[in-house]
Amino acid sequence: MSNSSSDRPKADDDAIITFDRVWERFVLQGLKGGSLKSRLLGRLTGRPVGTRSEYFEALRDVSFTIRRGEVVGLVGENGSGKSTVLNLIAGIYQPDRGHIEVKGKVSALLELGTGFHPELTGRENVILSGSLLGLSHRLIDERLPAIEQFAGIGRFIDIPIKSYSSGMYVRLAFALAISVDAEILLIDEVLAVGDHAFQQQCYRRILEFREQGRTILYVSHDAQSVKNLCSRALLFRDGRLLRDGDTRTTLDFYLQTIGRKEAIVELTGSTFSLLFNNGRITLFQGERLVTSEGGLHTTLYGREQDIASLSGYWRVLLQAANRLVVEGTWPFENLRQTWEISLAEHAFDWRIAVTGDRTDSFHQFSLHAGVTTAYEHWEDVLARGDFPRIFPDDRDRIFVTGNVANSGYIGLSGDETTANLSFERRTTAAGEIVALSSNEYAHPGRVISFSDSLAASVARNEPAGEIHRTAFRIALDSPREEQAARRSEQLDRISLQHGSVTLIFTGSHFHLLSNLAWMTGMLGMYVSLKSGGFWHDTAQAWWSISRQPDRILGTCRLKRIPVSQEWLLFFEPTGRIRWQVTLEFHQPVPLERLQANIMLSERYSSWTNALDGQGSFPGTFKDDFGGDWEVISSHAASTGPITVSAVSDERLGLPGVSLEARQPPAELQANIINTDSYFRGRLLQLLTIPPAGRELHQPGKINLVEALIDFSGEIPIAGRES
Amino acid sequence: MSEPRQADDDAPEQRWSTDLVFPRAGLFHDSARDLAKHRWIILNLVRRDLKIRYKGSVFGFLWALLNPLFTMLVFLFIFSLDPRIQGIDHYALFLLCGIVPFGFMSAALTRTVTILIDHTPLVKKIYFPREILPLSAVLADFVNLLLAMSILVVVLLLVVPGQLPLLWLLPLVLAGQLCFTLGLAMMLAAAQVFLRDTAQLLTNVLLFWYFLSPVFYPLANIPARIHVLYLLNPMASFICLYRAVLLHRVEFPVFTATVAVVAAVITLVVGFTFFKRTENSFVKLL
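Chains G and D, in that order, give the protein sequences.
All letters in the first sequence, in the order written, are residues 1 to 722 by my numbering.
All letters in the second sequence, in the order written, are residues 723 to 1008 by my numbering.
If you are wondering where the hints come from, they were derived from the structure by calculation, not from laboratory data.
Certain hints may be false.
Example chain D residues on the side facing chain G (calculated, C-beta under 10 Å, incomplete) [stated by the list, open to error]:
(1) N766
(2) L767
(3) R769
(4) K773
(5) R833
(6) V845
(7) K846
(8) Y939
(9) L941
(10) R947
(11) L969
(12) E973
(13) N1002
(14) S1003
Even for Gly, the Cβ is constructed at its ideal location relative to N, Cα and C.
Work the whole structure out from these sequences, hints included.
Here is the structure:
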C-alpha cells in the first residue's frame, strides 16, 4: 500500500510512472553472499562485511514522472543507472529509499526468452512462459496462432528449443514478448541482438506500439534510434538523473559529456558554464548549449598531417573553482599543448601554448569555434552582417565574404533569448585571419575559425621548442556597454583616427574609411615589387603592427623573397596622413619594379594627375573577361613633388584622396590605374623603376617613399603649391 | 489513491512503497492477493517442473505413483521375513509412516534451498512474487506425498484389518506438515542466497534430524523423563501424529498436537516474513 503522506507531490492524473526521490544501492560482488569462511574470517580479521565502502549506489535521489502514452528514452553510460530504473519499474527490485508508483501493467523486454527451458518445445515454452509474462491461459491460446505466424519458424515450433538456431530462438522469443498486452513497455537494448532483419521487425513493432498510445521506456546506446522513437530523454550519470528534456538537446548534451573521465572538468560561472572534455570546450548558457557539435577546439595544420586538439591525450594539471590548466600530449608527434582557462564574470580567458620539437612541420594554427544556429548576426570591429542561411538539404560550408576587417574582435548575437557571444584576441601575431561560416555538414551550426600563420612566427624567430602561443578572451552575455567598449578597444589597437577619417589595419592591408564608409577598395594601401618576373606584394606578407599613442608602426616580411618593410603612419595635425615606407633587402634580389599604391573603391569617378591633367575613370574595360589593369594616366619620372588624386561624386559623401610625394629619394613616376582584376578599383600609384642593367639589388635599406595622403579633394595642378 | 487500470483480469497490479523500517501492515494481505493473481504462474511452474522431470521417459508422470509403490513393496518384502522387530507388529508399515512424511520434508527442503539461485535469470528479469518458487517446489513434492500417502492408506487398510478411527484426521496432519515445511523452505531459500553454505549445512542437519526423530524406533526407546523435550522436535511430534492416525498408536496426543500446530503456524509466519523482508536484498545478490 502506498503511503498517503501529505508531503508527497500531488500525483498527476495522467502520470503512469512516478519516481520520487528514489535511491537504490547494491552490495559489491566480492562480498556477495559470502561463504561461512569469509564471513567468519571477515569478523576475525576485522574487515566487516557489508560496510559503507562496499556499497554501490546505483541510483541517487532520482525523481521523474512519465505520463500515459509518452515514449521516453533512457540514455547514459554503462553503469549510470538506466537498467536499474527499468528493473525498479518492472518490480524486480524495490527502492531502498523513496517512493515509486506504477499504474499499469508492465511488460519488460529486458531479455528475450526469459523462462524458456531448453528441454521443452517451442510451443510448450510459449505456453509456460506466457504465464510468466502475465498472460492467462485463455489469452495464450488465443494468441498462439499469431505468435506462430510472426515467429515464422514453421514446424520447428514443436521440437525442443535446445535444437534451435539463435535466429529462431530470438524470433520466437520476440514473437511471444510482443504479444503481451501491457500498457507499459520496457525495452532494454533488446534490439542490439539479432540480425538486421530482426532489428527492423522489432523497430516496426515498437512504432506500432507507439501508435497505439502505449507508454514506452527505451534504453539504448544508439542515439539515432532514440532520436527517432522518443520525444523525451532522461540522461543518467553515476546514478543521478542529469537531464530530463527533449531528445535532441539531451542527446547533444550527452554526446558532449562522453570521454575519458579523468580529463572532463566543468567550471561554472555566474552566467554560463564551461565543460572541458578531452580537448574540446563546450559552453552552456544555463541548460542551453551555446556551442555546437565540435565545440571550441584547436587544430594544428602541417605538411604531413593535421592535429586536432580532440585527438590528444589530456591531463588536468590544475583545477580550481575559476581556473583550469590542462595539457594535451601527442607522444608520437612529440607535441604538447597547454590550455589555461580562467573564468571571470561573463567571460573567460583562454591562453594556449603549443610546444614541441617539430617547429617547422606546421604552417598554421587555428582555433575553431562551433556555435549553434541560434547565432544569426556577427560583427567585427567595423562591420556587421548576418550569417548565410542554411538550407535543409545543403551539405556545405558557406563563408561570410568580404568586409570582415579584422580578427581581433568578433561578436555574435541572435534573438532576445540568445546571449551575445564575443571572441577577442589578446595577442597580436603576424598572419592572423578569421573566417566565419555557416556549416551544414552533419550538424548545422556556425563556425568561426581564427587562424594564425606559423611560418610568420618562424620568420620572427620564436624561442626554440615553442610552436605557437596565443590568447583569447571569450565573453558570454556580457552587458552591451562592456561589449561595445571591448569592440572599440580592439578597434583602437589597429587603427588611427582623425576627424572623420579612420586608418585601419585589417591583418594584411591598411584601409581608409570616412565615417565608417570604405574609401579604399579590396587591396587598400599596399606596396608591391616585381622581382625575377613575379610580383610580390604586402597584401601577402607576414605583418605585425605596433599601435602607439599617435602612430602605427608596421613591419612585414614578404613571403617569397627576403625583403622586409617598415611602415610608419601617423596623422599630421592638418588631418593628412604621413606614410613612410622603408624596405630592407636581406639578400641580393633582382628588382624590376617597386611601387606604392592606394587602391580606392569604385565609387571614385574622376582623377587628377598633377603633372598630367584630369579625367574621369571609364566605365568599361578593354575586354569583358576581367583581369585588367589599365593605366589611364602616367607621367614621366621626376624627383620633384608629384601628386595623384581621385574624387567621387559629391552625393556619395566620400572625401577625395590624394597621394603626394615630396622630394622622393629616387625618381618616381605617378600613375592612375583602373582595374577589374577580381575586384574593381581605382589605383593611385607611385612607382620607381630601377635603371636597366642593374642585375641585382644589393642588401640594404632604402626609403621607397615618404608620402602624404590628403583628403581635401583639391590638388594643385602642375606648378601650384598648396 | 485512484484505482489502477486493469488491462486484463489476470493483470498483476503493482504498488510499491518502502520505508526501510517495518514490514507494512498489509504485508500478508498484499501478498495473498498477489499470489492469487499469479496463480497461473504457480500452476505452470509446477507443471513445467513435472514435465521436465519425466520428459522423455516412457512412463512419464506415472513414476510419481510407481516410485512410492516400489519403495513400499521393497520394505514390505524385506521385513516380511520377520515382521516383528523391536516389539512392533508390522515394522515395515511402522517405518513407512515415518519415512514417507520425513522423506517429503527432506526432498522438499533439499530442492527449495537452491531454488532461488537456480532460477536467477527468471527472478532478475520478470516480476512475480518470488515466494512462488519455494511454494511451487514444495507443492510439487506435496503432490508426491499425497500419492504416496494414498497408497500407504490402501495398503494399511488391506494389511491391518480393523478400523482406523482417527484416519479422518490425516488431512489435518498433512496440512500441518505442509505449512511447517513451507515455512522452513522459504527461510532456507532466502538464507541460501546470503550464505551459500546453507545447502551443505542442510544436508547434515537433515541426517542428524532423521535420527533424532522416531522414524526407525518407537517413542518408547527414549527415556521417559526427556519425552517432553524430545517431542518439542516438530518432526517427532508430526511422526507421532501420523502413527496415531495411521496405526492407531496414540502417544501424547494433546502435547504432540499442540507442538505440531504451533510449529506449523510459527514456522510459516516466520519463514514467510523473513522471505519477504529479505526479498529485495537477496534479489540484488543473485
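Structure-based check of all given hints:
Given hint, N766 (chain D) at the interface with chain G, holds; its Cβ is 4 Å from that chain's nearest Cβ, closer than 10 Å. A hinted interface residue such as L767 (chain D) counts as satisfied when its beta carbon comes closer than 10 Å to some beta carbon of chain G; here the least separation is about 8 Å, so the hint holds. Among the interface hints, the one on R769 (chain D) holds; its C-beta lies about 7 Å from the nearest C-beta in chain G, closer than the 10 Å criterion. At its closest, the beta carbon of K773 (chain D) sits 7 Å from a beta carbon of chain G; the interface hint therefore holds under the 10 Å criterion.
The beta carbon of R833 (chain D) is not positioned within 10 Å of any beta carbon in chain G (closest approach about 16 Å), and the interface hint is therefore violated. The interface hint given for V845 (chain D) is met, as the beta carbon of that residue sits about 7 Å from the closest beta carbon of chain G, less than 10 Å. At about 6 Å, the closest approach between the beta carbon of K846 (chain D) and any beta carbon in chain G falls short of 10 Å, and the interface hint on this residue holds. Taking 10 Å as the C-beta contact cut-off toward chain G, the hint placing Y939 (chain D) at the interface is violated, the least distance being around 33 Å.
Because the closest C-beta pair between L941 (chain D) and chain G is about 35 Å apart, greater than 10 Å, the hint is violated. The beta carbon of R947 (chain D) is not positioned within 10 Å of any beta carbon in chain G (closest approach about 36 Å), and the interface hint is therefore violated. Evaluation of the L969 (chain D) hint against chain G yields a violated restraint, the C-beta minimum of about 41 Å exceeding 10 Å. Violation of the interface hint for E973 (chain D) is found here, the shortest Cβ-Cβ separation to chain G being roughly 38 Å, above the 10 Å cut-off.
Of the supplied interface hints, the one on N1002 (chain D) holds, with its beta-carbon coming within about 4 Å of a beta-carbon of chain G, less than 10 Å. The interface hint given for S1003 (chain D) is met, as the beta carbon of that residue sits about 8 Å from the closest beta carbon of chain G, less than 10 Å.
Checked against the numbered hints above, the structure violates hints 5, 8, 9, 10, 11, 12; every other hint is satisfied.
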